[in-house]
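Listed in order, the protein sequences are those of chains A and B. Residues 1 to 268 (our numbering) make up the first sequence, in order. Residues 1 to 268 (our numbering) make up the second sequence, in order.
Calculated directly from the structure, the hints in this document are not laboratory data. The hints are all genuine.
Pairs count within a copy or across copies, as identical chains cannot be separated in the list.
Below, in silico cross-link-like pairs of lysine-lysine (DSS-like), each with a Cα-Cα straight-line distance of 25 Å or less:
#1 K245 with K114
#2 K245 with K267
#3 K114 with K267
#4 K245 with K117
#5 K46 with K86
#6 K49 with K245
#7 K267 with K234
#8 K185 with K234
#9 K23 with K35
#10 K31 with K161
#11 K46 with K245
#12 K266 with K234
#13 K245 with K266
#14 K26 with K46
Bear in mind that the values here come from a model prediction, so they are computed numbers and not experimental data.
There are 2 protein chains.
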Amino acid sequence: MGRVFFYTFANKFLIVITSAQIKFVKSLSQKKFRKELGLFVVEGDKMVKELLSHPHWHTEMLFALDGWLQSNPARGSHQTFAVSEKELARISNLQTPNQALAVVRQRSREADTKLLKGNFCLLLDQIQDPGNLGTIIRTADWFGIRHIFCSEDTAELYNPKVIQATMGSFARVDCLYVNLQNMLKALPHPYPVMAALLEGENIYSTRLPSEGVLMIGNEARGISPTLLPFVTHKLHIPMSRPEGKTQFPESLNASVASAILLSHLKKK
Amino acid sequence: MGRVFFYTFANKFLIVITSAQIKFVKSLSQKKFRKELGLFVVEGDKMVKELLSHPHWHTEMLFALDGWLQSNPARGSHQTFAVSEKELARISNLQTPNQALAVVRQRSREADTKLLKGNFCLLLDQIQDPGNLGTIIRTADWFGIRHIFCSEDTAELYNPKVIQATMGSFARVDCLYVNLQNMLKALPHPYPVMAALLEGENIYSTRLPSEGVLMIGNEARGISPTLLPFVTHKLHIPMSRPEGKTQFPESLNASVASAILLSHLKKK
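Taking the hints into account, I'd like the entire structure generated from these sequences.
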């Protein structure tokens, strides 16, 4: 006889995974199902551990290897499934599955306008690459940014590639999908709105504000023409042109440009 | 009757692609075949265009849509294949194939030690994510870095994900795979060797050298213990800790950390 269908571990019922559950978790790799069910997937030892003790993010299901469950005693009200490495590989979105996978409830968040004062927020215009969005969220977290306003055509926060690239920062930075034009119109004037533009001023020789919006545009198309009129500070990260070099890159990666600007704005 | 097997376009023979050729191009998505054949794949309108006029990189085969071939007259000695969108999709590594794909000969390069003087070079220790490596090469190009020394277990330059993430910078920055310990031993002493480390000094309040090696470690494991003794400048990118925040990220993405350090070292 194989494994029993239910067994207990550390006084908690562990449920053996069924093919319907595998299908269910796999369905969350599609935006349609994530939206319909209001759930998403978080993977990997560190991120899952952090999430299970998070006060605001609710884990609904936990799938983990026996060894991981032994060293991470059960907490919270989620269902726990003990899985084999083979089963984890079947539900995982990662090339190298990492011990634990959580199905987590999505949260709708609102901007806390008090937190905007004296700080910077990011405004992402059509950042479509999930890895870039996740990396920007991670970097924003490092630099103490609390809010990221995303255009409605920016990559979806709950895309597994975004979530994994944040390395857990998605739980600490509020990403809000809004109409950016309306959001900019509603800002108290004059509120500094910075943007990285090729014709901007050298960030190292410009006086920068101590609060404001930092706008990051799509790498190929730049900032949308409808948003440009709101920009009060056009900035530029200067390129080095060493002697003898005749060909140059056209631009920086969006997450790299965001990081350089944030580190410069927040340096101390 | 369908298409003829050979036809001419702009006085150049165009060859219709066969299933053997599709298989051949697809095989280059595997490291084993790239190594064996000394070839790699570059994709997309901009990058292919740039490469075709490059003096040092030799394109062996060009696969492109009719429309693209019409607006980009033939140059060089490569074979040109006119492909349909469907055929391009079959040989492409991209989710959204972009008009042209080139099969290019790999180059072996050597460090030009003259270029190391008065400049910075990067040293990558186990950067295994291809997207990160490509982004680091692109950023290095922006900041005028000529040489990147990679540990032998760093992602392979000719991996299509690396090449695409460089946005063409792979052709302007020399990536050399070496034994990093031997390379560091061979440096003229005292030569500044900087590394980003958690216990390092705040980059914004430390006096930084005007030339040297900038070492970037693996995100999870940090700098290898065998390389640490060579570090002369331990640096740290300070994290913001706003009031009321209790949980913090552990680290920055490797390509983001490289970008912040490079921008700070090369600022002017």
